[in-house]
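A.B. asks: Sequence:
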Amino acid sequence: MSVHAKVITALPTPFTRDEALDPDAATALFTAVRDRGVDGVFVAGTTGEFTALGDDERTGVIGLALDVFGPERVYAHVGAAAPRQAESLVRAAVGAGATRLAAVTPYFLPAPEDALVRYYERLVAAAGGAEVHAYLFQVRSTTPAAPSVLRRLADAGVRGVKISGESDASVSAYLAAAPAGFDVLSGNDIAFEEFVRAGGLGVVSGVSSVFPRPFVALRDALNSGDTEGVRAAQPLVARAVAAVRSGSIPHLKAGLEVQGLPAGPARVCGDAVSEADLEVLRETAEALA
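The letter at position 34 of the sequence shown is residue 34 when you use my numbering, and the numbering goes up by one with no holes.
Hints were generated in silico from the structure; no laboratory data involved. Every value quoted in this text rests on a predicted model; they were computed, and no experiment measured them. There's no promise every hint is true.
[Claimed, not checked] 25 Å max Cα-Cα, derived SDA-like pairs, lysine to any residue:
no., residue 1, residue 2
1, 6, 138
2, 6, 113
3, 6, 32
4, 6, 269
5, 6, 31
6, 6, 71
[Stated by the list, open to error] Pair by pair, the computed Cβ-Cβ distance ranges are:
no., residue 1, residue 2, range
7, 225, 84, 26 to 36 Å
8, 225, 125, 22 to 32 Å
9, 272, 125, 35 to 45 Å
10, 238, 199, 21 to 31 Å
11, 179, 259, 35 to 45 Å
12, 177, 125, 22 to 32 Å
13, 177, 287, 33 to 43 Å
14, 283, 146, 26 to 36 Å
15, 268, 125, 24 to 34 Å
16, 51, 169, 25 to 35 Å
17, 197, 55, 31 to 41 Å
18, 56, 228, 13 to 23 Å
19, 229, 125, 16 to 26 Å
20, 16, 177, 39 to 49 Å
Idealized CB from N, CA, C, for every residue including glycine.
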């Protein structure tokens, strides 16, 4: 079975030491990521600390990514807890030049399915001709979304979905329920190979912002049918994921910093990065360079 796997890098948002947004560092980091061979980027999402960004900051970060990558390679995250705020973010992102949007479900208070569908209907209407992709992350958002809702989302004009925090069995159910032509992306770095072989489009990976090489190598091996290349890349992906504690934002940012890439501190609360952690990140960066 031939596949056409993609690596979409979830971008961290760089801050200064006093946690102000750092546009110059963001441009430098985004340029470095662009030059490392990934297919696209997911900006102002979970890895980008969207819950700790003001709306103007989110629009600014999206604009910087568009400047570096161009609209075809950017998924601009515009999701919010309420549709009115998300609609405003949609319009701002489209005004900045975005043509591909992603929006997490309403969060904190769980939305029932009919309300969920209405939320995306409103975002599709606000987007004009820009694509809208749903972002399902029940473990963080509290909003459930059964696999059967994908048909309703497609009927509402949603172009695809990113799924995070689900078991392999649950992801398989979403893939089985996806209508023809409906893109399905996964946030599970470790299951990249199995996911695309089952029909998924690719992975949205924060880890690949720090250690892109194994993900790009795995993508290339999958797309060329290189079984030995897949076998060689898999343990490197696992090593990368382990080094950043499966995507801990402070560890992602520390992993960038040890490679001389600007990232700054995390605004969100997260695990402390110990000296032992830094040594692991340095060793991993050297091994995966």
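A.B. asks: Could you run down the list of hints and mark each one as holding or not?
C.D. replies: So, going through the hints one by one against the coordinates:
no. : hint                  : in the structure
1   : 6 x 138               : 24 Å, holds
2   : 6 x 113               : 30 Å, violated
3   : 6 x 32                : 18 Å, holds
4   : 6 x 269               : 30 Å, violated
5   : 6 x 31                : 19 Å, holds
6   : 6 x 71                : 16 Å, holds
7   : 225 x 84: 26 to 36 Å  : 48 Å, violated
8   : 225 x 125: 22 to 32 Å : 42 Å, violated
9   : 272 x 125: 35 to 45 Å : 44 Å, holds
10  : 238 x 199: 21 to 31 Å : 23 Å, holds
11  : 179 x 259: 35 to 45 Å : 41 Å, holds
12  : 177 x 125: 22 to 32 Å : 24 Å, holds
13  : 177 x 287: 33 to 43 Å : 39 Å, holds
14  : 283 x 146: 26 to 36 Å : 43 Å, violated
15  : 268 x 125: 24 to 34 Å : 31 Å, holds
16  : 51 x 169: 25 to 35 Å  : 28 Å, holds
17  : 197 x 55: 31 to 41 Å  : 39 Å, holds
18  : 56 x 228: 13 to 23 Å  : 49 Å, violated
19  : 229 x 125: 16 to 26 Å : 44 Å, violated
20  : 16 x 177: 39 to 49 Å  : 44 Å, holds
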